[in-house]
Amino acid sequence: MSTRPVSSLSLRPSTRTKLIKAGFQTVKDLQETTLIELSKGISNTEALNILQQIKKNKVTSISASEALKQERKLCPISTSCEAMDQMLGGRGVPIGKITEFCGAPGMGKTQLGMQLCVNVQVPQNLSGPEGEAIFIDTEGSFIAHRAAEIAKATITKLNENTVAGNEFLVNFESVMSRIYVSKVHNCDELIALMKILDEFLQEHPNVKLLVIDSIAFHFRQQFDDMALRTRLLNGLAQDLNKFAQTYELAVVLFNQMTTKFKTSRDYNVKDQAALVPALGESWGHQCTNRIVLYWRNEIRCAQLVKSPNLQETTVHYQINSDGISDYQSNLNNNNKRRWEEKEK
Amino acid sequence: MEEIKNIELRPRIAEALKDAKFDTVSDVMHRSDNELSKKLKLSSKDVKELVQCMAQEIIKTRPLLFPFTNALKMLNSGEQRMLTTGDAIIDKILGGGIMSCGITEIVGESAAGKTQLCLQLCLTVQLSKKLGGLEGGTVYVSTEGNVQILIKRTQQMIHSFKQRHDFLKDVNLSDEIKYITVPDLDTQYQVLHLQLPILLSRNKIRLVIIDSIAANFRVVYSSSDLSILRKRSKDLCKLGTKLKEISDQFRLPIICVNQVSDLFSKYDIREFIGNKDDNFWEYDYYQRQFLVGKGSKIPALGLLWSNMINSRIMLSRADRTLIGMEDNCQRTITLMMAPYAPRQWGEFYIDIEGIHGKVN
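In the order they appear, the protein sequences are chains Y and C.
All residue numbers for the first sequence refer to UniProt numbering, where the first residue is 1 and numbers rise by one.
All residue numbers for the second sequence refer to UniProt numbering, where the first residue is 1 and numbers rise by one.
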């Protein structure tokens, strides 16, 4: 549509010549003009006629039931922890939305990111999304051999559950080669990457997951001008939202935690520092779902704290050499604190 | 940051940028499209072209950023490998050794053996890749002003190291260790931000050790005044980012030795287990998992620094019981957190050769 020449529109010959003389060659040039700009050279009605022709079918709207149907078609990405999948709406991290996981260091954010990169490749006949993944690494924590470990374990687990002859066809090498990795060293690089990602996503329509680990790292303290930071973050969120919707991919962001001093009004209670997600209040509005990861009695917990459609819940999960899984109390040894083990 | 005048642009766009006094790529990247078209008086089409051009300019000079590599290539390239500590048992506890990229923190009380571990790594890093080394030298940035002692101790270790590795007999191992002393924070900034990249580009260095990262920070920013603490956070952030950049640029691991500080809490920190209200969100509750040794001590520099590092190794020891001259106190080494291995711990001892793991 956009590269269609102006001469092919049904217009009066005089208008057509005027347009071409004014430098408009394709419909794309016209799309960026406004009615007022156009009507400077030609009559108002003629200008309206042009715009109506080219903007026909540009704005589309869909009904809620259609939207629901479309959303059901999109296959979410499993986290490998059934309880967490349930919490996120039944089947995992939703596609077409931004999901943020916040957690202090050592909570397993990067592990979860690598697990999702593998799980997004589960083929359709095993009710997976069968896509590719982009992992944007700002902290330098993406370790290839750990990702390989998770990939191998996941493939074995999937093959166990399938009937003979219907094996998981994706082999280990292809799983690994479908995780695209990029290292980012400052926020300018991150913004620049977002600007050219459009092109990459057009070339790779199979990308179903975009992970940024972590969004906070380059935005934490290096800004003197906090208004600038907010503006950049908002721009980033806009880009990510656009990708999520146009290319039907899940955006998963990892965020750090920071301390916030709570001054108690009760003089008997000491002031205390609470852990809250970094990047402040306004960033909290940007993601669709927000999950906070924390320790509770030596068990890893994930709590859904913000979601437009799901209930606030807390679930347990665990991490072992095979990746993320449901919490099982007897297998919890590697989560135990050091001195407790020692006492045994 | 890149300057605009070196970039080829359409004359009218370049002119507009010049008039609006936009000098660097960041000046453009930090503004929204709307703002740009207003300030530069350019059409939205030109602005789009400009932004794309600037993005391309940044990407062009950053091979790690784009085009994307994939996990398989990373796995096969062997760039992410493990640097051996020279002791099989300790390597096993640490999930293979020290990761050859990113920042690894070694934290512990004084006399826990932090410097011993570092010095040992100065030697093992010179081994061939087959033997678990990285085939290069070390830059040892010391803030504690004890270089003479370090050199003496290194000589001792080299002697026994050569006995174990016969083929190194004629190699001058101490030549490959470059010591830098940084007595204050200003010098530290100078060295780490400006001199280190130059030093690394001229020598075949495969390991940077900073012993210790906390010392100078704790002297300058010792006040509890919030504005000073904020300044400290900012400086720490800058330092962490810079170190990560250096690590990726020169493909080497950076080891930061960290001290401990006391955790002041309203709770008895060791007894504080069980379902007590909703205190899981509290900083104290979280920090409990990083307790060092027997007391209520946690790694210095706070949560912000914990966010900066990739993995954390903790050394601790029981109180010294001096019986004869032998070092018989119980020392433990723990991998506290790492993106590649679970939490594990084991015992170790130090002798004239260096540090060794104990067989259980």
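Be careful, since some hints might not be right.
[Said to hold, decoys possible] Heads up, simulated DSSO-like pairs for lysine-lysine below, C-alpha to C-alpha not over 27 Å straight-line: (1) K297(C) - K260(Y); (2) K130(C) - K242(Y); (3) K21(C) - K28(Y); (4) K73(C) - K21(C); (5) K45(C) - K18(Y); (6) K242(Y) - K129(C); (7) K129(C) - K152(Y); (8) K39(C) - K18(C); (9) K195(Y) - K38(C); (10) K152(Y) - K73(C); (11) K18(Y) - K129(C); (12) K73(C) - K60(C); (13) K130(C) - K152(Y); (14) K297(C) - K195(Y).
Bear in mind the hints are in silico, worked out from the structure with no lab data behind them.
How the hints compare with the structure:
1. Proposed proximity of K297(C) and K260(Y) is supported: the alpha carbons are some 21 Å apart, at most 27 Å.
2. Between K130(C) and K242(Y) the CA atoms are separated by roughly 48 Å; this puts the pair beyond 27 Å, and the hint is violated.
3. Pair hint K21(C) plus K28(Y) does not hold up; C-alpha atoms about 31 Å apart against a cutoff of 27 Å.
4. For the given pair, K73(C) sits about 43 Å from K21(C) by alpha-carbon distance, which is inconsistent with the 27 Å threshold.
5. Taking the CA atoms of K45(C) and K18(Y), the gap is about 21 Å. The hint holds against a cut of 27 Å.
6. Between the alpha carbons of K242(Y) and K129(C) the distance comes to roughly 45 Å, so the proposed pair goes past 27 Å and is violated.
7. About 26 Å separates the Cα atoms of K129(C) and K152(Y), which keeps this hinted pair within 27 Å; it holds.
8. For the hint linking K39(C) to K18(C), the alpha-carbon distance of about 12 Å falls within 27 Å, and the restraint holds.
9. Simply put, K195(Y) and K38(C) have alpha-carbon atoms about 20 Å apart, close enough for the 27 Å limit, and the pair holds.
10. Of the supplied pair hints, the one linking K152(Y) and K73(C) holds, its CA atoms being roughly 16 Å apart against a limit of 27 Å.
11. Annotation: proposed proximity of K18(Y) to K129(C) is violated, straight-line Cα distance about 72 Å (limit 27 Å).
12. Between K73(C) and K60(C) the CA atoms are separated by roughly 20 Å; this keeps the pair inside 27 Å, and the hint holds.
13. At roughly 25 Å between alpha-carbon atoms, K130(C) and K152(Y) fall within 27 Å of each other, so this suggested pair holds.
14. Pair hint K297(C) plus K195(Y) does not hold up; C-alpha atoms about 45 Å apart against a cutoff of 27 Å.
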